[in-house]
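Visitor: Here are the chains, one letter per residue:
Protein chains: 2
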Amino acid sequence: MEFRLIDRIRERTAQPRDDVRLGIGDDAALLAVPAGMELAVAVDTMVEGVHFLPGQAAFDLGWKSLAVNLSDLAAMGAEPAWALLALTLPTAQSAQARADFVDGFADGFAALAREHRVALVGGDTTGGPLAMSVTVHGFVPPGRALTRAGARPGDAVLVTGTLGDAVAALHLLRTETASGSDAPLLARMHRPTPRVAAGLALRGRAHACQDISDGLVADLGHICAASGVAAEIDADALPRSPALVARFGAAAARDFALDCGDDYELVFTAPEADVAGIVDALARLGCGATRIGRIVAGEGVRVRDADGHWLEPAHRGWDHFPT
Amino acid sequence: MEFRLIDRIRERTAQPRDDVRLGIGDDAALLAVPAGMELAVAVDTMVEGVHFLPGQAAFDLGWKSLAVNLSDLAAMGAEPAWALLALTLPTAQSAQARADFVDGFADGFAALAREHRVALVGGDTTGGPLAMSVTVHGFVPPGRALTRAGARPGDAVLVTGTLGDAVAALHLLRTETASGSDAPLLARMHRPTPRVAAGLALRGRAHACQDISDGLVADLGHICAASGVAAEIDADALPRSPALVARFGAAAARDFALDCGDDYELVFTAPEADVAGIVDALARLGCGATRIGRIVAGEGVRVRDADGHWLEPAHRGWDHFPT
Numbered sequence: 001m002e003f004r005l006i007d008r009i010r011e012r013t014a015q016p017r018d019d020v021r022l023g024i025g026d027d028a029a030l031l032a033v034p035a036g037m038e039l040a041v042a043v044d045t046m047v048e049g050v051h052f053l054p055g056q057a058a059f060d061l062g063w064k065s066l067a068v069n070l071s072d073l074a075a076m077g078a079e080p081a082w083a084l085l086a087l088t089l090p091t092a093q094s095a096q097a098r099a100d101f102v103d104g105f106a107d108g109f110a111a112l113a114r115e116h117r118v119a120l121v122g123g124d125t126t127g128g129p130l131a132m133s134v135t136v137h138g139f140v141p142p143g144r145a146l147t148r149a150g151a152r153p154g155d156a157v158l159v160t161g162t163l164g165d166a167v168a169a170l171h172l173l174r175t176e177t178a179s180g181s182d183a184p185l186l187a188r189m190h191r192p193t194p195r196v197a198a199g200l201a202l203r204g205r206a207h208a209c210q211d212i213s214d215g216l217v218a219d220l221g222h223i224c225a226a227s228g229v230a231a232e233i234d235a236d237a238l239p240r241s242p243a244l245v246a247r248f249g250a251a252a253a254r255d256f257a258l259d260c261g262d263d264y265e266l267v268f269t270a271p272e273a274d275v276a277g278i279v280d281a282l283a284r285l286g287c288g289a290t291r292i293g294r295i296v297a298g299e300g301v302r303v304r305d306a307d308g309h310w311l312e313p314a315h316r317g318w319d320h321f322p323t
Numbered sequence: 324m325e326f327r328l329i330d331r332i333r334e335r336t337a338q339p340r341d342d343v344r345l346g347i348g349d350d351a352a353l354l355a356v357p358a359g360m361e362l363a364v365a366v367d368t369m370v371e372g373v374h375f376l377p378g379q380a381a382f383d384l385g386w387k388s389l390a391v392n393l394s395d396l397a398a399m400g401a402e403p404a405w406a407l408l409a410l411t412l413p414t415a416q417s418a419q420a421r422a423d424f425v426d427g428f429a430d431g432f433a434a435l436a437r438e439h440r441v442a443l444v445g446g447d448t449t450g451g452p453l454a455m456s457v458t459v460h461g462f463v464p465p466g467r468a469l470t471r472a473g474a475r476p477g478d479a480v481l482v483t484g485t486l487g488d489a490v491a492a493l494h495l496l497r498t499e500t501a502s503g504s505d506a507p508l509l510a511r512m513h514r515p516t517p518r519v520a521a522g523l524a525l526r527g528r529a530h531a532c533q534d535i536s537d538g539l540v541a542d543l544g545h546i547c548a549a550s551g552v553a554a555e556i557d558a559d560a561l562p563r564s565p566a567l568v569a570r571f572g573a574a575a576a577r578d579f580a581l582d583c584g585d586d587y588e589l590v591f592t593a594p595e596a597d598v599a600g601i602v603d604a605l606a607r608l609g610c611g612a613t614r615i616g617r618i619v620a621g622e623g624v625r626v627r628d629a630d631g632h633w634l635e636p637a638h639r640g641w642d643h644f645p646t
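Residue numbers (my numbering), protein chains in the order written: chain L, 1 to 323; chain A, 324 to 646.
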């Protein structure tokens, strides 16, 4: 029953916060935004067979459904606070199977929520094809948010962490070639780490920022479009994890890194003079940052290899509705 | 393509508000809650085949997906402000069919949004089974929200508007007996009117309030459970529309009114001494209010007929996951 499922989720995700005046259990939650803060709000949906493969572990789905949303807050430089969950579950399942799924999902959601002190304040459970839509709220001081508009010619382009692990993991699953030693790659796909601390550290430093969910070229392209500039990327500069290079070799790892949707790293631009300081700061946060190119006048994103040849745009990012 | 669909929706739903610092088009929206106000937030999902019949008009779906959420804000006595939309669309459709659906959906959403000055500030469009999840935000002064907890023995129980039209319309559609003269009933189902003004008028007057989406007995039952009280309802006191009585007769209309999920009226409790003033105030707002029973000590909701006989609880509300 709807109310019992919500109760299960509420119990497993309990996260006390003084700014939650009324949580799950009424027609709406009542929340208090701290004085002087603006609210950053984002929503993202995951649908079985589109955003994840059938049979994926409930824990991972709970984790990831929150992670992809916290990644949006990270990209704005916002501090996470509250989430709402709309969960659609197949009605053909037995009540026990549904309860088991909900428990696992809530545990995965809660594991990441605890790390960021996110309170689940509302939700809706309905019957239908398996899907989950999460809305997240975060705080940011007025005028301090990171947006896509603000990149300037002369800026360096940087990314956090490493690129390509998640899309390589998807490749392994689709070709049924994953083995036990691929766990680090699979973890990047199933339990991505939203770069929340990096986003906060980039306030006042990055000119423009966005998280990478559709692919480096596609998402950096959004920054370029919003800022009225172009970007040039050095393919060989893309940071790749030791696990990725060991598994596929440097060349294939580069292609995965270019095609890197689903890693949920941040791509951002900053003045060249600030690059060293940013790299130091993000290294201290554990995710690191790598300079991968520069912003120039013009439009679009171009990628060149080590010999200076421009690569064909084979990787344009994920498009649900190709036209 | 995702961004073009969102652009279509953005253009058709444009609603300028000073408190929207950054709307659709970045990783998150940036919003400013007015000083001294708390935020009320709710989410509701509609899934094809579960919450609406296949083939329903896109305009009506756009309207209703917002209406059911504004109804939650109304039940809290909150003033609507912002919405986010997660829209999942079948990928098998042609691009033209998808664009037509999105245009109609956005127009229906916008028609109701304009009435309440609601700005669509964010969204996500994905491929998958047709479904829509809307998150709404509203404002309420601290301590002034209407909740489910607060009903007291001795309170009168009232409802806004009339009950039963929407469930009667669903009956007509399921039995394929709807005719042109049933348009008023069908409109109640397809384009419900959220009782936002009534909710605002009930601040400081109602002890407890909730909107009716699952059925009168089920939803009033939530008030009773949250307040630790019981309710006694007089079935013959339930307000029924002239259209409903004309179509089905007084007795069947009473059964539809008891079974009244999907009307999105408010059920609330208030001191007996305030009933006349509340009825006057809500009559001036156009929706009216009717006293249908009383709160007593105990638990649960009982319904009696004109002869004072207690009715069997045949109508317990919609349950997606019966156990």
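No wet-lab data here; the hints were simulated from the structure. Glycine residues also receive a C-beta, built at the ideal position from the N, C-alpha and C atoms. Take the hints with a grain of salt, since some may be wrong.
Interface residues of chain L toward chain A, partial, derived using beta-carbon atoms under 8 Å [claimed, not checked]:
(1) 16
(2) 20
(3) 21
(4) 32
(5) 38
(6) 40
(7) 42
(8) 43
(9) 53
(10) 54
(11) 76
(12) 86
(13) 122
(14) 148
Visitor: Give a verdict on every hint.
Guide: Each hint tested on the structure:
1. 16: violated, 18 Å
2. 20: Nearest chain A Cβ about 10 Å off; hint violated.
3. 21: holds, 6 Å
4. 32: holds, 5 Å
5. 38: Since the shortest Cβ distance to chain A is 5 Å, the answer is holds.
6. 40: Status holds, d = 4 Å.
7. 42: Constraint on residue 42 (chain L) satisfied, holds at 4 Å.
8. 43: holds, 5 Å
9. 53: With Cβ-Cβ at 14 Å, over 8 Å, it is violated.
10. 54: violated, 13 Å
11. 76: At about 5 Å, which falls below the 8 Å cut-off, the nearest Cβ of chain A leaves the hint on residue 76 (chain L) intact, so it holds.
12. 86: Holds, because the Cβ-Cβ distance from residue 86 (chain L) to chain A comes to roughly 4 Å (cut-off 8 Å).
13. 122: Holds: closest Cβ of chain A sits about 6 Å from residue 122 (chain L), inside 8 Å.
14. 148: holds, 5 Å
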